[in-house]
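Now for the letters of each chain:
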Amino acid sequence: MTFEHCVRCTICVENCPVYKVEPLFPGPKQSGPDAQRFRLDGEKSVDQWVKYCCQCRRCEVACPYGVQVAEIILKAQLKYGEEHLSPFSSHLFANAYHLEAIGSTLAPLFNRVAALSLTKKAMSLFGISGELDLPAFRFLNLERGRRRKGRGRKVVFFYGCHLNFNRPDIGTGIRDLLVSMGCRVVMPPQTCCGLPALGNGDLDMARKYANKNASVLTSYIDRGFDVVYACTSCGLSLVQDYPGILDVEGGRKIAENTYNVHEYILSLIQQGSVKIPLGILERKIAYHIPCHLRALGIGYPATKLFKLIDGLQVSVLEDHCCGMAGTYGFKKRNQNTAARLGEIASGAIRGLGVDAVVADCGACRMQLEHFTGLPALDPSEIIREALQNSPEHRGKTEKGIVRWWRGIKDARHAARTLPAWPRR
Amino acid sequence: MSAVTHDVVVIGGGMSGLMASAYLAGKGFKTALISQGDPVCCLSTGCVDVLSPGTHPLEGFDGLPPGHPYRLVGRKGIEDGCRLFKEIMATTTIPYAGTVRKNREILTPIGTFKTTCLVPLTMTGAEGCRDGYTHVISFNGLRDFYPSYITSRLKNTGFSLYDAGITSTLGIATRFEDKAFLEAFIAWIEGLEIPPGKVALPAVLGIQSPVQIMEEISRRIGSEVFEIPTLPPSIPGLRLFRALKGALTARGGDLYWGKAVGSVECRGSMVEAVTLATQGRPSRVQGRAFILATGSFVSGGLFARIDTVNETVFDLPVYVPGPRKDWFWNDFFTAGHPIEKAGIEVDGSLRPTRSDLKNLFVCGSILAHGEIMKNHCGHGLAIATGLKAARICEGFLS
Ligand SMILES: Cc1cc2nc3c(=O)[nH]c(=O)nc-3n(C[C@H](O)[C@H](O)[C@H](O)COP(=O)(O)OP(=O)(O)OC[C@H]3O[C@@H](n4cnc5c(N)ncnc54)[C@H](O)[C@@H]3O)c2cc1C
Ligand code: SF4
Ligand code: SF4
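Chains H and D are the protein sequences, given in the same order. Counting from 1 along the first sequence, just add 641 to a position and that's the residue number in the working numbering. Counting from 1 along the second sequence, just add 473 to a position and that's the residue number in the working numbering.
Among the clues, some could well be false.
Taking lysine to any residue pairs in the SDA-like style, the calculated list, with each CA pair at most 25 Å apart, reads [said to hold, decoys possible]: (1) H:Lys894 - D:Gly735; (2) H:Lys894 - H:Lys916; (3) H:Lys916 - D:Gly501; (4) H:Lys925 - H:Lys894.
No lab work stands behind these hints, which were simulated from the structure alone. Being a predicted model, the structure only gives us computed values, none of them experimental.
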């Protein structure tokens, strides 16, 4: 729906996290449909405030009339970016993939240097917030890790930059989880989904990334593979932006064959013979729903898996944006907004007496771990923990690398004990 | 295709759909709630109008036309709905006061009093404020709320302005959740030397914990504090919506938000699944029973074309009061507008008449003959019919 369908009800405004805390941002209604009436193709943009929007897309999810509020604003951001010199930090973050690849290659060195106060001061000169720690990089990333092939349903795992460079352990965990359910999982060469480039006003760069991924993904889809993502922002990009604003070749095909990992696991369970032997897990967790999972409109599939775990108490929190919004919170301009929103989202968690925060998005996890002081986990980690507590695995409490190996062995074992998924 | 079977799938996340799904989820049914967007409730005052605006909410019950949805739920159904609503809200951070036996008064932003039935605790202080002094506090630059409207209409009042550093109701409400901001605000009031009486503010005392914030201010300054609802974006409406939605997830209900139902699958006279209009592969939600609570024209449950009025999900037959020339008035928001009668006609078990679907129940403002503005029965009708639909569903499923 276009700006003309807006009835000016202000429901989107009630849902905008940035508008809540940033007096300079006039909110989604005014920066979206209202201002769109005055934006002319040939004229230079005057609405510099559009850059305050963090593209959480909450406005769009809330609008009862389906007005694509966030997309209207995104286009205005891109137009603004094209006409004005963007700050150095935007170029840097648009290129997040290459930045992270360097960080990962030089992991031990990079992590140390990034933590130095001198480095933080230098970053500040380039418009990067020194308030938050940059994520730590891992050398053994998913690109360098081994591929694992099961025998059943064919899956391309789109792991995304965060798992690849910062948390490959979660990535291998998810791969093993799918393998244990009889899937054949491949992780072909892939690059950044393109969302950070889009968020930093660089449409060309975003398209470049997207096209690279699209040619790989469509070639697998044509051979009967399903695409599975874990990071909900990558997922949103694949499903919404590839056929939408990025308009990449094969975008529609990708959107139609791409699944959230928990949605996929549920469909495997639902459709037939696969059972996952989930044990008891006595934990109390807060499940923070990332904005981009909401925007996908597929419901919250991980909550359905959580319900299968005895002993697990889950509070679902879906009304707060954590404030990080990918690379948004790392920019100096946004650091106060990000911090205020992080505080608000964490405040809602603190009162619950939970032992961990769970979120599908790496950026949410970093932010919420920082503000709540609680461990932040991916939903798949909870599911794997419950799997390890199943009768076959109870009582094993290895640490570190032993546990990691054990995890893989367990998954292998589980794969053997499970009825195989019928081949297509 | 993601296929998940629920016991009941509720379509429409307004007051009616939320009440129905919270009730069923509370009874242990696997419940899903699908909503295209946020409901009209977010624009409302947060107060529940039940029926007549006089002293007794139900005094106009006998005068209702035979086809009115309240006739299907009866006085007892209305009473049960309001009781359940209050019970649910008591488990959240925004409890409600009031009963269906007596209406209450709230103060409006233009200095008049409005009667309504169930009222959030933050607004109950308006009662009796005619008898003493009331000091209104507003905020620098706040649009849509002018204390002088109140002081010029209401005797024995005065006002002061506070600089909150942000000028929107949402921004100010967010700041009130911040301890340091609240402390500074209280210190400022203490320095004002207001005459003894009550203190009234626009409804901005926080989003999550308004009662706590109100009580803290009240305790510290030693005067009763209450809120006045404002124009949309309405914080009390937002609070009500979020609290009910939270009550649903706390009871284990599943949410599908932000996408409309695009298509439906029926086998014979049973609805089997609905499909969400997502960007990628359509998401399919399966259920044993379905509740339709998509609201009226404002929310998109009904859609008027030049020659017809359509129901947007199941394409059910819609009752329309005569040909277009009879109901096409310019001002939609007028009480007694003929199109207010339009909607889905149902039988005693809220199944749509003129349709053979057996596992579909309809509730809320999409029902025909409600005439919500004329009868002052907005949220009340949504709540009472929502509970009725849920109970019928409960019987149907067990
Ligand atoms: C501006 C305004 C102020 C009001 N103030 C008050 C008040 O102060 N007190 C009071 O008692 N009453 C008030 N009312 C009336 C009252 O708000 C409504 O009558 C009542 O809340 C209606 O609730 P509902 O559940 O029937 O529908 P709605 O609240 O209209 O909800 C319907 C939901 O269904 C969703 N939907 C629609 N189509 C689809 C689809 N195809 N697929 C999925 N989802 C769909 C919509 O997005 C919406 O969330 C007010 C009404 C208005 C317009
Ligand atoms: S919610 Fe939709 S219709 Fe309402 S003001 Fe926002 S864009 Fe317009
Ligand atoms: S996308 Fe998020 S930040 Fe941007 S206008 Fe919408 S709600 Fe606000």
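Numbers of the earlier hints that this structure fails to satisfy, in rising order
2 and 4
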